[in-house]
Amino acid sequence: MQNPVVSIQNVNKIFGEGTINQVHALKDINLVIQPNEFISLIGPSGCGKSTLLRLIGDLTGTSSGQVTINNKSAHQARLDRDYGMVFQAATLYDWRTVTKNVQLPLELMKYSPEKKEARTRDMLALVELSDFAKHFPWQLSGGMQQRVAIARALAFEPSILLMDEPFGALDEMTRERMNLELLNIWEKTRITVIFVTHSITEAVFLSTRVIVMSVRPGRIISDVKIDLPHPRDNDTRESVRFFQLETEVREALRKSESKRE
Amino acid sequence: MSNRVQKYLAPIIVLIVILTLWEGLVAALQIEKFLLPRPSVILANFAQVFIFEPEAASPTAAEPALRLTTDRLFVLVPAQHASSKALEKALAGQVAQFSLFGYNFIVVLGANFAPIIQASLFTLREALGGFAIGCASGILMAFATARWTITREAFLPFAIAANSTPIIAFAPIMNNWFGLDNPFSKMAIVAIMIFFPMMINTVRGLTSVDPRSLELMRSYAASEFEILFKLRIPNCLPYLFNGFKIAAALSMIGAVVGEYFGGPRIALGVFITQEAALFRFSSAWAAIIVACILGIALYLIILVAERLAMPWHVSFRN
Chain A
7 MQNPVVSIQN
17 VNKIFGEGTI
27 NQVHALKDIN
37 LVIQPNEFIS
47 LIGPSGCGKS
57 TLLRLIGDLT
67 GTSSGQVTIN
77 NKSAHQARLD
87 RDYGMVFQAA
97 TLYDWRTVTK
107 NVQLPLELMK
117 YSPEKKEART
127 RDMLALVELS
137 DFAKHFPWQL
147 SGGMQQRVAI
157 ARALAFEPSI
167 LLMDEPFGAL
177 DEMTRERMNL
187 ELLNIWEKTR
197 ITVIFVTHSI
207 TEAVFLSTRV
217 IVMSVRPGRI
227 ISDVKIDLPH
237 PRDNDTRESV
247 RFFQLETEVR
257 EALRKSESKR
267 E
Chain B
553 MSNRVQKYLA
563 PIIVLIVILT
573 LWEGLVAALQ
583 IEKFLLPRPS
593 VILANFAQVF
603 IFEPEAASPT
613 AAEPALRLTT
623 DRLFVLVPAQ
633 HASSKALEKA
643 LAGQVAQFSL
653 FGYNFIVVLG
663 ANFAPIIQAS
673 LFTLREALGG
683 FAIGCASGIL
693 MAFATARWTI
703 TREAFLPFAI
713 AANSTPIIAF
723 APIMNNWFGL
733 DNPFSKMAIV
743 AIMIFFPMMI
753 NTVRGLTSVD
763 PRSLELMRSY
773 AASEFEILFK
783 LRIPNCLPYL
793 FNGFKIAAAL
803 SMIGAVVGEY
813 FGGPRIALGV
823 FITQEAALFR
833 FSSAWAAIIV
843 ACILGIALYL
853 IILVAERLAM
863 PWHVSFRN
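Top line first, the protein sequences correspond to chains A and B. The opening residue of the first sequence carries number 7 in this note's numbering; numbering runs sequentially from there. The opening residue of the second sequence carries number 553 in this note's numbering; numbering runs sequentially from there.
Keep in mind that the hints are not guaranteed to be accurate.
Here are the computed lysine-lysine pairs in the BS3-like style, where the Cα-Cα straight-line distance is at most 25 Å [unchecked claim]:
id : chain 1 : residue 1 : chain 2 : residue 2
1  : A       : K121      : B       : K782
2  : A       : K106      : A       : K116
3  : A       : K116      : A       : K78
4  : A       : K140      : B       : K782
5  : A       : K116      : A       : K140
6  : A       : K122      : B       : K559
7  : A       : K33       : A       : K231
8  : A       : K106      : B       : K782
9  : A       : K106      : A       : K122
10 : A       : K261      : A       : K33
11 : A       : K140      : A       : K106
12 : A       : K116      : B       : K782
13 : A       : K194      : A       : K122
14 : A       : K78       : A       : K33
15 : A       : K194      : A       : K121
The hints are simulated quantities; they were obtained by calculation from the structure and are not laboratory data.
Can you build the whole structure from these sequences, using the hints too?
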């Protein structure tokens, strides 16, 4: 068997430890993610799914337990630039054109000019924004900005793509189109994706596995394997199996709500 | 009418209306010249226009005498005076000549043109020197305080306190330190005046960075140095230019007011105080107008530089 990309063992995260505002954000988390998986983390607000993502990406530390990424610590993985990250806001730099934004990580990683140009061209083609290379972020719609952010995250070929509600701010129609495009990209690159979302439909449609979390303390209560065949398209959303899986995730979520005190 | 024409036309019309009202009211209410000179009298300090009547225009014998004073913008010269000795002397500083409807126009530099321009250039040099020193030191200090939190905590309270002191009160001390006639005494006043607004604006620009942008940099394992150059400095530009705009206005004010406390005779502030002391208020007004124009010019230069430096900024989007 291959080495897992992510291995999380007995991880706890407590904010404000020892103070009156102490919050047990994550409790006894165990999770193993294999290469080429598309994992969605889903759960009610405050269940710590974003915190879990940030732990994996070494944007915050654990209180106890171990996070291993590609056989090394999360910190080392960040220094090795194993992560591509996409946040809810596109977080593009206003003073850079689309091309320059995509090239930001490549500049930091000292890519040669030719390689930089080639990667940018490929990435913009992948997210279908080649015609907007010279535009500034404010000249693009929200969905297009998010596509630039995805191109930027994939530009330096990271081994894991971390996405924190990337389509949360988009309208339903745009979100569905973006979901299709993301799946398309994933099918082409087969990069390991960890995706935080509020939407059951989105989680089931995109993922190979959906991790359902519950609140206070945040823990994993269900791990649903999504066996919908690839490639998926709009018809997938209307299939019986899709509906069954959606119901399974929804019931798991409801159970987590009822357990909540 | 296009928007652009409208944009410039409206203030020009307002200016013309104000000048006309000013001219008319001062004449109609017979306000004394030393209280408020008419705009035309003020302008006569820079230039006078001699208008020569054509021969046929005044056939009668009863000619008014030729009045050659230096405080009139337009001087009408009747035909038979056209070659008088006094006039020849007055026309010595001729700079332009043209004809219109049979009248001959000769533009002559006003008596105070050369002294005011000379004084303005002297004062402008002080203002620019102070601007450069003040901006450079403010920005350097801001980088130090933004980089090391400890310097920020140590210095910022003093910077804020100093910012609310009337810094112009230091002018006599600076004059004492560096010498009345040394332009550096005025540069020092200007530099002190603009140091704090420059520093505070720059610190704000360097530190008020979107936390998500910082997190993005962190995810790329970027060094502090890379974060500074690729994120903090570009993020700082709008704040920096706000600082420059404040500094540009303050630098002309600082230099002129510094000169009120003493300076060489060729300085604008000294010129204004001296003319006012001698009740020659029209030339004092003329000098004030030049100081004002220079202040506006500095401000406009910074606006243009801002546009060139950050065409992406929100304020330039249509």
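Against the 25 Å threshold, does the CA-CA distance of K116 of chain A and K140 of chain A hold or violate the hint? holds (22 Å)
If you draw a straight line from the CA of K106 of chain A to the CA of K122 of chain A, is it 25 Å or shorter? OK: K106 of chain A and K122 of chain A at ~10 Å, within 25 Å.
Between the alpha carbons of K261 of chain A and K33 of chain A, is the straight-line distance 25 Å or under? Roughly 18 Å separates the two Cα atoms, so the pair holds.
Taken at face value, is the distance from the CA of K782 of chain B to the CA of K116 of chain A at most 25 Å? With Cα atoms ~14 Å apart, K116 of chain A and K782 of chain B stay inside 25 Å; holds.
Within 25 Å, alpha carbon to alpha carbon, are K116 of chain A and K78 of chain A? holds (23 Å)
So if I understand the rule, the pair passes when the alpha-carbon distance is 25 Å or less; does K140 of chain A with K106 of chain A pass? holds (9 Å)
Sort out whether K33 of chain A lies within 25 Å of K78 of chain A, counting only the CA atoms. holds (22 Å)
Check the hint pairing K194 of chain A with K121 of chain A against an upper bound of 25 Å on the C-alpha distance. holds (20 Å)
Would you mind confirming whether the straight-line C-alpha gap from K194 of chain A to K122 of chain A stays at or under 25 Å? holds (20 Å)
Given hint K231 of chain A paired with K33 of chain A - CA-CA distance at most 25 Å: Distance ~22 Å between K33 of chain A and K231 of chain A Cα, so the pair holds.
Keeping to a limit of 25 Å between CA atoms, is the pair of K106 of chain A and K116 of chain A held or broken? Within the cut-off at roughly 14 Å; holds.
Is K122 of chain A within 25 Å of K559 of chain B, Cα to Cα? Roughly 44 Å separates the two Cα atoms, so the pair is violated.
Hint compliance for this structure: hint 6 is the single one not met.
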